[in-house]
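Under the numbering used here, the first residue of the sequence shown is numbered 98, with each subsequent residue one higher.
What the hints contain is simulated information worked out from the structure, not anything from laboratory work. All of these numbers come straight from a predicted model, not from anything done at the bench. Glycine is no exception: its CB is placed at the ideal position from the N, C-alpha and C atoms. Keep in mind that the hints are not guaranteed to be accurate.
Stated by the list, open to error - The calculated SDA-like cross-link candidates involving lysine to any residue, where the alpha carbons are at most 25 Å apart (straight line), are:
hint, residue 1, residue 2
1, 100, 128
2, 100, 122
3, 158, 148
4, 100, 113
5, 158, 147
6, 100, 112
7, 158, 129
8, 100, 148
9, 100, 139
10, 100, 131
11, 158, 123
12, 100, 111
13, 158, 146
14, 158, 136
15, 100, 142
16, 100, 115
17, 158, 128
18, 158, 126
19, 100, 147
20, 158, 142
21, 158, 135
Claimed, not checked - Estimated spans, in silico, between C-beta atoms of each pair:
hint, residue 1, residue 2, range
22, 159, 105, 18 to 28 Å
23, 153, 114, 14 to 24 Å
24, 126, 106, 17 to 27 Å
25, 112, 135, 43 to 53 Å
26, 109, 148, 16 to 26 Å
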Amino acid sequence: MPKVEIELDLEQLAQAIRSLSPGELETLELMLDPELRERELRRRREQAREELAQGRALSEKELFAD
98 MPKVEIELDL EQLAQAIRSL SPGELETLEL MLDPELRERE LRRRREQARE ELAQGRALSE
158 KELFAD
C-alpha cells in the first residue's frame, strides 16, 4: 500500500472524522484497535457459521449473481 503523509491540526482531524459514514467509522475503529478487530472477526465468523447452519446464508451462486 502506498504511503501518504499529510499534516492536519487536531481540529481538521476531528472534522474529517465527523464527516465519516457509520461504516467508515467502524472500519477506522477496527483498524485502530487490534483487540476489537480480533473480537469482531470472531463474532462475525461465528454468526456466519450459525447462519450457514440455519440455511440463512447465501449460496455462492446467489452471492455472485448479476
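Check: Looking at the structure, which of the earlier hints fail to hold?
Finding: 7, 8, 9, 11, 14, 15, 17, 18, 19, 21, 22, 23, 25 and 26
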